Structure formats: C-alpha cells, structure tokens
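J.: Sequence:
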Amino acid sequence: MSKNQKEQLLSNDIIQEFLEKDSKIPLDENDKFIETVSSLSYYLKSFSNIKRFLDYISLILKHTFKQQLSIVIPLNEKGEIWKENIKFAGATKNLKMDGEIKSYFNNFDFFKNFTLKEGTSFEKVLNSKFKDYVIKSYKVLSRGKCRGFLYTFKKNTSNDSLKYELNLNFIISCLAIGLENYSLIKIKKKHENVAREISIGAEIQSQLLPDFCPIIYGVDLAAHCRPALQLGGDYYDFMSLKTNISEKRREKARWALVIGDVMGKGLPAGLLMTMLRGMLRAEVLTGLPPDRILHDLNQLAIYDLDQSHRFITLFYSDYDPRTKKLRYANAAHNPPLFWKSSEQRIIKLDSEGFVLGLQNDAEYQCGQIQLNKKDAILYYTDGVTDTSNALGQRFDEERLIKSFSKLCQQSLKSQDILNKIYKILDEFTGKNRQLEDDASIVVFQLD
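Last residue of the sequence shown: 457 (the working numbering), numbering continuous.
Some hints here could point you the wrong way.
[Said to hold, decoys possible] Each computed DSBU-like pair below joins lysine-lysine, with the alpha-carbon atoms no more than 35 Å apart:
(1) 258 with 430
(2) 262 with 335
(3) 416 with 358
(4) 97 with 200
(5) 139 with 164
(6) 416 with 430
(7) 412 with 334
(8) 88 with 72
(9) 88 with 149
(10) 149 with 199
(11) 384 with 262
(12) 149 with 173
(13) 165 with 149
(14) 334 with 350
(15) 200 with 88
(16) 384 with 334
(17) 416 with 350
(18) 334 with 383
(19) 88 with 164
(20) 358 with 383
(21) 198 with 97
(22) 200 with 149
(23) 430 with 350
(24) 252 with 423
(25) 97 with 196
(26) 141 with 173
(27) 262 with 430
(28) 61 with 196
(29) 335 with 412
(30) 72 with 149
(31) 134 with 149
(32) 173 with 146
(33) 134 with 93
(34) 423 with 335
(35) 258 with 350
(36) 165 with 134
(37) 412 with 383
[What the hints assert, rightly or not] Each pair of labels, with its calculated beta carbon distance range:
(38) 254 with 288: 17 to 23 Å
(39) 289 with 421: 36 to 42 Å
(40) 183 with 316: 49 to 55 Å
In short, the hints are calculated from the structure, not lab data. The model shown is predicted, which means the values in this text are computed figures rather than measured ones. Note that beta-carbon positions come from the ideal geometry of N, C-alpha and C, so glycine has one too.
Kindly generate the complete structure, drawing on both the sequences and the hints.
T.: See below:
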C-alpha cells in the first residue's frame with residue numbers, strides 16, 4: 011500500500027464515517043470500544059501526520075465520552091506547549107459553556123517556557139473560571155516524560171465508573187505513544203542530517219590529507235591514517251618549499267614533512283586540524299627553519315586554540331635531497347624513530363619544544379641529521395602506541411621500536427613496512443576492535 015493510499019484510508023472523513031456508522035451498530039458499549047481500539051491501534055502503527063493523529067484522538071474521545079468536553083494539549087519535542095495543535099473533543103452542544111471554554115483556550119497565552127510546574131496553577135485557574143464544571147487533568151506520560159496534558163470538563167462525575175477510567179487511560183496511553191513516536195521521528199531526522207553533514211565533512215577532510223605521496227628524489231615514501239571516528243584529529247602532509255618550478259626540479263628541491271595530532275577526536279579535532287593545515291601551508295612557503303616555523307605557527311594559532319580549550323602536538327621537518335640532510339623541530343609530538351642502517355639501531359628524533367596553543371612565548375629548538383642509503387624514519391601519532399588489547403595492555407613505544415627495527419632489517423619498501431606495522435597492530439588489538447584514537451603512520455626511507 012502506497013503512502014498516499016494510507017493517507018486516504020486514514021483521512022478524517024473516512025474516520026468520521028467509520029465512527030458514525032459504528033455508533034449505529036447495535037453493539038454493547040464494550041464491543042463498541044473494542045472496535046474503536048482496533049482502529050486506533052492500526053492508526054497508531056501507520057500514522058505519519060501528527061495533526062491527523064491528534065484529530066483522530068479527538069474523534070475517539072468525542073464518540074467514546076459523549077457527555078464531556080475533552081481538551082488535548084500536546085507538548086512539542088522541546089517540551090513547549092504546542093498551541094497550534096490543541097484539540098477539543100466532545101458532543102457537548104447542549105452544554106451552555108462549551109463555546110466559552112473553547113474561546114478561553116484559544117485566546118490563552120501559552121508562553122513558550124510553559125513547564126510542568128505551571129500545570130497545577132493552570133488547573134486552579136480553570137476551576138476558578140469554570141465553576142459549573144468538574145474539571146479533571148491528566149498528564150500524558152511516556153517513558154517517564156510528560157508529552158502533554160488532557161483536561162476533561164463534565165457537569166458531574168456520578169456516572170463515572172472503573173470502565174470509564176480504564177477506557178480513558180487507554181486512550182491517553184495511545185496518545186502518549188503517538189506523541190513520543192513523533193518526537194523520536196523528529197530527533198531521528200535531526201541526527202540523520204547531522205550524520206550526513208559529518209559524513210560530508212569526513213569526505214572533505216580525507217581530501218585534505220595527501221591522496222598519494224610525492225616523488226622526492228632518492229626517497230621512498232608511504233603514509234596512511236586510520237581515524238577512530240568519521241572525522242579525525244591526526245594530520246600529516248608533504249609540502250614543496252618551491253612552488254613555482256617544474257615537477258622534475260621540484261623532486262630535488264627542499265621538502266617539508268610534518269605530522270601532528272589535535273587533542274581529542276571527532277568533529278572538534280577535525281575542524282582544528284583543518285585550520286592548522288591552512289596556517290601551516292602558508293607558513294611553510296616562507297622557507298624559514300623548522301624552529302621558526304613552529305614558533306610562528308604557535309603565535310598564529312594560540313588564540314583559536316585557547317578559545318577551544320585544546321592544543322596540538324606537531325613534528326615539523328624539512329629534507330634536502332641534494333645534501334640528504336633533514337632538519338626538524340618538535341612541538342611535544344611523539345619523536346619519530348630513525349633507523350640508522352649503518353649502525354643497525356633506532357634513534358629517537360627529538361628536540362625541546364612546547365605544544366601549540368598553550369604558551370604564548372613558547373620556544374623551539376632545531377635539530378639536524380645526515381641521512382645515508384637505506385636509512386628510514388617512522389613518523390607516527392600516539393593513536394598507534396596508545397592502542398590497547400582486550401587485556402588493557404598498551405601497544406606502547408617499545409613494541410613499536412622492536413617491530414620497526416625488525417622490518418627495517420628485512421630491506422622492505424616503505425609501503426610494505428607501513429602495511430606490516432598496521433597488521434602487527436591489528437594482531438595485537440584483536441579482530442574488529444574499535445580504535446581508541448586516530449592512528450597515523452608515515453614511513454620515509456632512502457633508496
């Protein structure tokens with residue numbers, strides 16, 4: 011059945027006709043209510059229009075409780091009085107005050123922050139205003155949360171019975187479920203929109219990380235990032251310090267290699283990472299040494315980072331293919347691991363420096379190493395070493411050093427080293443275990 015067919019089947023005219031015919035069928039009151047309940051349960055499963063659902067509830071109240079006026083006051087998803095959807099129900103034309111009650115409700119100023127606390131005082135106002143009626147109020151509750159109110163106006167309650175209360179409570183319960191379902195549908199749509207925007211943001215962010223490693227003369231590069239969530243706070247990049255020269259000349263020009271990590275993960279970290287990337291790319295073109303790059307970057311970013319109550323760790327290096335010298339400065343990032351092939355050992359590349367975004371007058375030191383054939387450098391973020399297994403054990407830096415050292419001794423290509431490190435990481439953490447933080451690796455190796 012199509013959506014349009016369902017809408018037609020459950021239209022107010024069809025419902026009104028059903029109820030009017032039903033009232034003429036010689037059934038006892040209990041059977042009649044069972045028929046009404048069946049139609050209500052079907053409607054509750056199928057409705058997609060909250061206004062039509064509330065109209066139907068009003069019709070049910072009208073035909074079930076003929077000698078009373080019922081008023082449904084729903085709350086919207088924010089918990090505010092939904093004034094435009096207040097519904098009146100009752101075959102009460104013989105009651106003189108029917109029009110006055112409706113007029114009073116239509117003109118009453120239901121301010122936006124009308125809360126449950128005002129419900130009791132509002133009931134007192136009604137009792138004072140309409141003394142000729144016995145007024146009862148009911149909270150429309152679902153999962154412990156108030157979804158609205160229902161007020162009944164009667165001349166007397168002498169005919170009230172247990173069956174009356176049970177029938178009314180059943181209708182109120184259906185009303186609560188309907189209002190809750192509508193609220194959940196609205197919330198779901200909002201979440202879907204947010205998820206869609208995050209997905210688009212993640213796609214854009216993935217495009218900001220290099221799609222492929224550049225060709226640098228005499229260097230074999232590989233890089234990959236595994237975000238813990240759709241958006242990540244890890245960042246790595248490769249930037250030529252010369253942009254106005256040919257591709258062939260650029261291969262032998264100086265290159266900047268950087269890896270960083272924004273505190274936290276998800277959307278906030280992803281936004282800050284994107285901001286950092288723009289600032290750094292502009293700063294790199296100055297050609298300043300690594301310590302000056304980090305100093306100026308800290309000055310540029312400190313206000314924005316201070317406002318976000320976050321900080322960034324960053325390792326910045328530049329490499330000259332002609333001299334095979336690599337300069338570097340560290341803003342409290344995990345020191346890259348330098349495999350010195352001639353000595354068959356690992357050296358940590360570190361220099362003093364403070365995280366970006368916490369200290370206005372932070373200073374940084376510049377280090378330098380001479381690279382030779384088959385030397386390799388592993389840049390990584392703390393998502394690699396902080397990854398834990400089912401027993402709560404961390405992968406830690408020592409395990410990474412041993413793994414990297416062993417792989418370098420096998421004379422593998424950079425991409426093979428990177429793939430095998432991630433494989434070792436997966437074997438350690440266990441299958442299908444969610445990453446606790448973004449994990450990024452860059453392998454830099456001389457041919």
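J.: It remains to establish, for every hint, whether it holds in the given structure.
T.: Do the hints match the structure? See the list:
1. 258 with 430: With a Cα-Cα distance of about 31 Å, the restraint between residue 258 and residue 430 holds, given a limit of 35 Å.
2. 262 with 335: holds, 12 Å
3. 416 with 358: holds, 16 Å
4. 97 with 200: Given that 35 Å is the threshold and the Cα spacing comes to 27 Å, the pair holds.
5. 139 with 164: Within the cut-off at roughly 14 Å; holds.
6. 416 with 430: Distance ~11 Å between residue 416 and residue 430 Cα, so the pair holds.
7. 412 with 334: holds, 26 Å
8. 88 with 72: holds, 28 Å
9. 88 with 149: holds, 17 Å
10. 149 with 199: Since the Cα atoms of residue 149 and residue 199 sit roughly 27 Å apart, the hinted pair holds (cutoff 35 Å).
11. 384 with 262: Between residue 384 and residue 262 the Cα gap is close to 18 Å, so the pair holds against 35 Å.
12. 149 with 173: OK: residue 149 and residue 173 at ~19 Å, within 35 Å.
13. 165 with 149: OK: residue 165 and residue 149 at ~21 Å, within 35 Å.
14. 334 with 350: With Cα atoms ~13 Å apart, residue 334 and residue 350 stay inside 35 Å; holds.
15. 200 with 88: This hinted pair holds, its Cα atoms lying about 13 Å apart.
16. 384 with 334: holds, 12 Å
17. 416 with 350: Since the Cα atoms of residue 416 and residue 350 sit roughly 13 Å apart, the hinted pair holds (cutoff 35 Å).
18. 334 with 383: holds, 10 Å
19. 88 with 164: holds, 31 Å
20. 358 with 383: This hinted pair holds, its Cα atoms lying about 18 Å apart.
21. 198 with 97: With Cα atoms ~26 Å apart, residue 198 and residue 97 stay inside 35 Å; holds.
22. 200 with 149: holds, 27 Å
23. 430 with 350: Distance ~20 Å between residue 430 and residue 350 Cα, so the pair holds.
24. 252 with 423: Between residue 252 and residue 423 the Cα gap is close to 27 Å, so the pair holds against 35 Å.
25. 97 with 196: holds, 21 Å
26. 141 with 173: holds, 26 Å
27. 262 with 430: Holds. Residue 262 to residue 430 sits at ~29 Å (cutoff 35 Å).
28. 61 with 196: holds, 14 Å
29. 335 with 412: holds, 25 Å
30. 72 with 149: holds, 19 Å
31. 134 with 149: Within the cut-off at roughly 15 Å; holds.
32. 173 with 146: Between residue 173 and residue 146 the Cα gap is close to 17 Å, so the pair holds against 35 Å.
33. 134 with 93: Cα-Cα ~20 Å, so holds.
34. 423 with 335: holds, 21 Å
35. 258 with 350: Roughly 28 Å separates the two Cα atoms, so the pair holds.
36. 165 with 134: Holds, at about 17 Å.
37. 412 with 383: Holds, at roughly 21 Å.
38. 254 with 288: 17 to 23 Å: For residue 254 and residue 288 the Cβ distance comes to about 20 Å; the hint holds.
39. 289 with 421: 36 to 42 Å: At roughly 39 Å between Cβ atoms, residue 421 and residue 289 fall inside 36 to 42 Å, so the hint holds.
40. 183 with 316: 49 to 55 Å: holds, 52 Å
Checked against the numbered hints above, the structure breaks none of them.
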